[in-house]
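Spelled out from the first residue to the last, the chains are:
Number of protein chains: 4
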Amino acid sequence: MGSDQQWRTAIGHPEDERIVVRGYDLSEMIGKVSFAAMVHLELTGELPGEGAERMIDTLFASFVEHGISPSTTVARFLSASGNPIQTAIAGGLLTFGDIHGGAGEQFAKLMQEAVVEADADGTALADAADALVAEARERRQPLPGYGHPQHSKGDPRSPALLAVADDTGVTGPHITLAREVERALAERIGRRLPLNIDGAMGAIISDLGFDWRLARAFVTTPRAMGLAAHALEELDREGGWRHIPMDEVTYDGEVDRRLP
Amino acid sequence: MGSDQQWRTAIGHPEDERIVVRGYDLSEMIGKVSFAAMVHLELTGELPGEGAERMIDTLFASFVEHGISPSTTVARFLSASGNPIQTAIAGGLLTFGDIHGGAGEQFAKLMQEAVVEADADGTALADAADALVAEARERRQPLPGYGHPQHSKGDPRSPALLAVADDTGVTGPHITLAREVERALAERIGRRLPLNIDGAMGAIISDLGFDWRLARAFVTTPRAMGLAAHALEELDREGGWRHIPMDEVTYDGEVDRRLP
Amino acid sequence: MGSDQQWRTAIGHPEDERIVVRGYDLSEMIGKVSFAAMVHLELTGELPGEGAERMIDTLFASFVEHGISPSTTVARFLSASGNPIQTAIAGGLLTFGDIHGGAGEQFAKLMQEAVVEADADGTALADAADALVAEARERRQPLPGYGHPQHSKGDPRSPALLAVADDTGVTGPHITLAREVERALAERIGRRLPLNIDGAMGAIISDLGFDWRLARAFVTTPRAMGLAAHALEELDREGGWRHIPMDEVTYDGEVDRRLP
Amino acid sequence: MGSDQQWRTAIGHPEDERIVVRGYDLSEMIGKVSFAAMVHLELTGELPGEGAERMIDTLFASFVEHGISPSTTVARFLSASGNPIQTAIAGGLLTFGDIHGGAGEQFAKLMQEAVVEADADGTALADAADALVAEARERRQPLPGYGHPQHSKGDPRSPALLAVADDTGVTGPHITLAREVERALAERIGRRLPLNIDGAMGAIISDLGFDWRLARAFVTTPRAMGLAAHALEELDREGGWRHIPMDEVTYDGEVDRRLP
Chain B
1 MGSDQQWRTA IGHPEDERIV VRGYDLSEMI GKVSFAAMVH LELTGELPGE
51 GAERMIDTLF ASFVEHGISP STTVARFLSA SGNPIQTAIA GGLLTFGDIH
101 GGAGEQFAKL MQEAVVEADA DGTALADAAD ALVAEARERR QPLPGYGHPQ
151 HSKGDPRSPA LLAVADDTGV TGPHITLARE VERALAERIG RRLPLNIDGA
201 MGAIISDLGF DWRLARAFVT TPRAMGLAAH ALEELDREGG WRHIPMDEVT
251 YDGEVDRRLP
Chain P
1 MGSDQQWRTA IGHPEDERIV VRGYDLSEMI GKVSFAAMVH LELTGELPGE
51 GAERMIDTLF ASFVEHGISP STTVARFLSA SGNPIQTAIA GGLLTFGDIH
101 GGAGEQFAKL MQEAVVEADA DGTALADAAD ALVAEARERR QPLPGYGHPQ
151 HSKGDPRSPA LLAVADDTGV TGPHITLARE VERALAERIG RRLPLNIDGA
201 MGAIISDLGF DWRLARAFVT TPRAMGLAAH ALEELDREGG WRHIPMDEVT
251 YDGEVDRRLP
Chain V
1 MGSDQQWRTA IGHPEDERIV VRGYDLSEMI GKVSFAAMVH LELTGELPGE
51 GAERMIDTLF ASFVEHGISP STTVARFLSA SGNPIQTAIA GGLLTFGDIH
101 GGAGEQFAKL MQEAVVEADA DGTALADAAD ALVAEARERR QPLPGYGHPQ
151 HSKGDPRSPA LLAVADDTGV TGPHITLARE VERALAERIG RRLPLNIDGA
201 MGAIISDLGF DWRLARAFVT TPRAMGLAAH ALEELDREGG WRHIPMDEVT
251 YDGEVDRRLP
Chain E
1 MGSDQQWRTA IGHPEDERIV VRGYDLSEMI GKVSFAAMVH LELTGELPGE
51 GAERMIDTLF ASFVEHGISP STTVARFLSA SGNPIQTAIA GGLLTFGDIH
101 GGAGEQFAKL MQEAVVEADA DGTALADAAD ALVAEARERR QPLPGYGHPQ
151 HSKGDPRSPA LLAVADDTGV TGPHITLARE VERALAERIG RRLPLNIDGA
201 MGAIISDLGF DWRLARAFVT TPRAMGLAAH ALEELDREGG WRHIPMDEVT
251 YDGEVDRRLP
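Chains as they are written, first to last, in our numbering: chain B, 1 to 260; chain P, 1 to 260; chain V, 1 to 260; chain E, 1 to 260.
One or more of the hints may lead you astray.
Identical chains blur together in the list; that is why a pair holds if it fits in one copy or across any two.
Computed cross-link-like contacts, DSBU-like style, restricted to lysine-lysine with a CA-CA straight-line distance of at most 35 angstroms [said to hold, decoys possible]:
#1 K32 - K153
#2 K109 - K32
#3 K153 - K109
Treat the hints as calculated values from the structure; they're not laboratory data.
Could you put the whole structure together from the sequences, leaning on the hints where they help?
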């Protein structure tokens with residue numbers, strides 16, 4: 001990286017009288033290009049078709065709110081501690097790690113690699129799904145993307161999202177594979193372990209053509225607004241300083257030691 | 001806050017078989033309610049009219065991308081340092097403080113208080129604008145929301161956004177007051193200091209009826225996706241570890257001191 | 001800020017064969033200069049006297065651990081969500097805002113301004129304290145730095161810290177004023193409202209000569225290590241995903257609404 | 001995790017009249033137990049010996065300052081954007097990821113696993129080192145912990161730290177192995193690639209008996225104070241809003257596209 005080109009980008013650039021985004025003039029787009037279409041342009045360099053645009057908007061709508069979750073809990077702690085709203089939002093978004101809400105990343109990677117491999121080998125997706133389930137069983141590790149601790153019969157958002165994927169023509173090999181894995185899992189374990197929201201999102205963004213590394217961005221972006229709502233509700237309804245009451249904490253460490 | 005109701009919310013809640021958002025079943029909304037409408041519902045408890053829905057979507061589209069800015073710079077540093085994408089996004093969003101990108105908050109507060117006061121006093125908005133400019137001059141402090149260091153003739157996004165506000169019927173007393181202040185400022189200083197993007201956004205969300213404390217959420221939410229795009233471009237195009245080259249740093253402190 | 005000197009600092013600089021900190025060679029200091037002394041050098045440009053060095057080290061020792069507090073709660077949420085340890089630490093530190101743990105900043109500012117003013121006016125510190133208490137009462141706002149919700153008879157750390165301040169010769173006008181305010185408060189309200197840890201710390205760093213804007217750094221720095229301990233205990237003792245159980249959440253918003 | 005024991009810890013706990021840390025009364029420790037000793041107690045449950053205490057303090061002193069690095073750059077951006085100091089500190093600490101400053105974690109893991117294995121197999125550490133270098137070569141991946149892009153002859157902090165480790169009696173199998181790897185690397189590649197600061201720290205905390213997952217905590221804790229110093233210098237010396245000047249940015253994406 002030469003000192004003369006420390007900073008470069010092919011995404012966007014502000015000039016004195018206009019702002020360029022992927023080659024288009026932003027001011028001309030304002031009012032004509034939707035947020036969902038702008039996101040597609042930002043990420044891929046091209047405006048989307050109508051189906052993809054509607055699918056992206058639907059994904060965003062699905063992730064705004066999920067009650068008192070780790071992300072809103074952290075945002076409320078930060079808001080109640082006397083921080084500006086951008087801190088409450090950013091802190092809440094940090095929760096979307098490998099375990100909470102981030103499994104869509106691992107799932108999208110798994111689906112994208114399996115589809116590429118099946119394609120190269122000429123394997124049917126149903127067979128690829130059986131293989132994925134068998135391998136997971138062998139490694140004794142759960143597959144990401146299936147089952148939800150808070151929704152025993154399946155995350156209600158998943159079938160709704162997949163219906164939109166079918167309706168908009170977005171459904172392709174990744175969603176198909178995700179469904180085949182659900183089928184293969186049920187056959188293997190004897191009960192349905194439905195595709196959860198991380199899985200549905202991961203499969204959908206894969207069929208939309210997005211890099212699996214972007215999965216968490218599709219959750220964190222809409223949730224940012226949900227965190228803002230919770231941060232303000234915390235300020236307006238609760239009594240200032242948020243903390244865990246001492247009677248809900250068990251200290252089970254050493255006691256009554258004396259300094260040497 | 002009693003120990004029996006540590007956590008409460010009137011915004012949303014996941015039940016076993018459904019997720020409630022402001023009283024509606026989220027699964028029923030998926031595919032029918034847009035992201036912009038969901039945001040309005042989340043923040044206010046009510047679905048928006050068509051004009052407000054289009055205005056919110058347009059606001060989001062306007063803030064996705066602004067090139068190598070403080071937010072994308074920080075996101076790139078964090079991405080290049082070997083962090084997961086939610087960290088790059090969250091860290092970048094922390095930049096939207098009182099000085100950078102956060103002035104929409106101060107501006108929306110100013111407009112909302114001035115409109116309430118003008119309303120109570122029966123003052124015309126043009127007179128209220130003259131008073132605001134005079135007071136700022138007296139305090140020798142710049143008014144937030146006007147002028148842009150990188151766009152000498154005015155931020156090109158502002159007139160585009162205000163045109164949509166007019167077109168959707170969103171324009172009300174706050175945008176009117178913001179324009180009157182622009183007029184009063186020009187009369188006072190002898191040249192046009194146009195409403196910048198923080199000002200345009202702050203006036204628009206005020207006419208949409210949102211609390212001024214939400215202003216930064218309207219910038220950070222769409223920018224989250226822009227930060228994801230920059231975080232990945234950094235990984236894919238640049239050489240790993242991002243840092244300021246030593247030949248661009250001047251050390252002008254003490255030298256060659258010896259320990260006592 | 002000219003383009004040729006984008007980045008400059010008088011604090012420290014890495015050269016090829018040595019690292020300069022405030023004029024000294026870092027490698028020569030390693031093993032000879034304590035962390036507390038290095039902090040004093042970093043912040044002020046000068047190595048401290050022995051009393052100041054011991055006082056700084058004692059301050060740090062006092063802030064490592066305070067049980068399940070907002071900072072450790074957030075660090076545990078982030079750790080359990082599958083994040084690297086630097087995220088758990090950073091997210092936990094974000095809690096130290098205006099309300100939680102950050103009041104030392106407001107208190108140090110108050111003490112520093114009052115001492116400057118008393119000095120200029122020739123007012124005795126006891127009289128300055130009476131004035132501060134009277135003004136707070138008039139504005140009907142509590143003084144920061146006094147009282148603690150979890151320690152009804154006073155934060156036990158405060159007298160211990162002040163004893164070290166007396167013993168090391170650090171005690172000066174700010175601690176004296178802080179004690180006088182405690183006396184004046186008790187006279188006014190008829191019961192003792194003891195100096196809390198934010199107040200003790202704020203007064204001590206003021207007598208050490210530090211800028212009040214540094215107060216929160218004296219809390220966050222040592223707590224960073226406490227957050228690391230809690231982040232690992234969370235991983236090692238708890239069952240993965242940390243969340244608020246649904247039976248501890250009350251949803252008291254709208255229910256059973258139908259889309260129009 | 002039962003609802004009755006949502007929060008538990010064996011590290012510390014505030015009671016009404018005292019604060020317990022690993023069984024000791026914090027107030028009794030203040031003034032008697034150093035920060036370094038408190039950190040050892042916090043992390044392991046036991047007060048350290050004198051050598052370990054001095055080593056920990058020396059580690060902290062070494063990491064306070066390294067000039068305009070990624071962490072201080074991010075802290076300066078956040079400070080200049082109008083954020084409270086805890087945000088500047090936390091954001092700066094987020095930079096310590098897998099690539100920047102975080103390699104001590106990977107290195108400590110490598111050393112700890114190799115020492116356990118050598119111990120179990122009765123392998124000499126010199127042979128274990130040869131094996132590690134051979135394996136890295138085979139995988140065509142660099143070993144973490146060796147070489148520094150800004151210090152061509154080796155990070156000057158490393159030998160200074162290792163000298164303290166020798167002097168305090170901390171040096172054990174991990175430091176020995178780290179030195180053997182340095183020797184084996186030099187033999188293999190024909191020139192010295194010295195142990196860098198991440199490597200020195202990782203080996204030292206391993207010989208101190210700390211879990212490798214704590215490595216980044218030893219860097220972020222002292223650096224928190226360095227970030228505070230840079231955040232304030234930014235405010236006091238620079239002109240407010242920090243950004244990358246447009247003439248240092250190259251936009252090399254699409255131009256002059258027209259909307260369809």
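Quick rundown of the hints versus the structure:
1. In the homo-oligomer, the alpha carbons of K32 and K153 lie at most 35 angstroms apart only across protomers (23 angstroms), although the nearest pairing inside one protomer, at 41 angstroms, exceeds that limit.
2. For the identical chains of this complex, K109 and K32 are neighbours both inside a copy (33 angstroms) and across copies (29 angstroms), given an alpha-carbon limit of 35 angstroms.
3. Taking the shortest Cα distances, K153 and K109 sit within 35 angstroms of each other inside one copy (25 angstroms), while across copies they are farther apart (41 angstroms).
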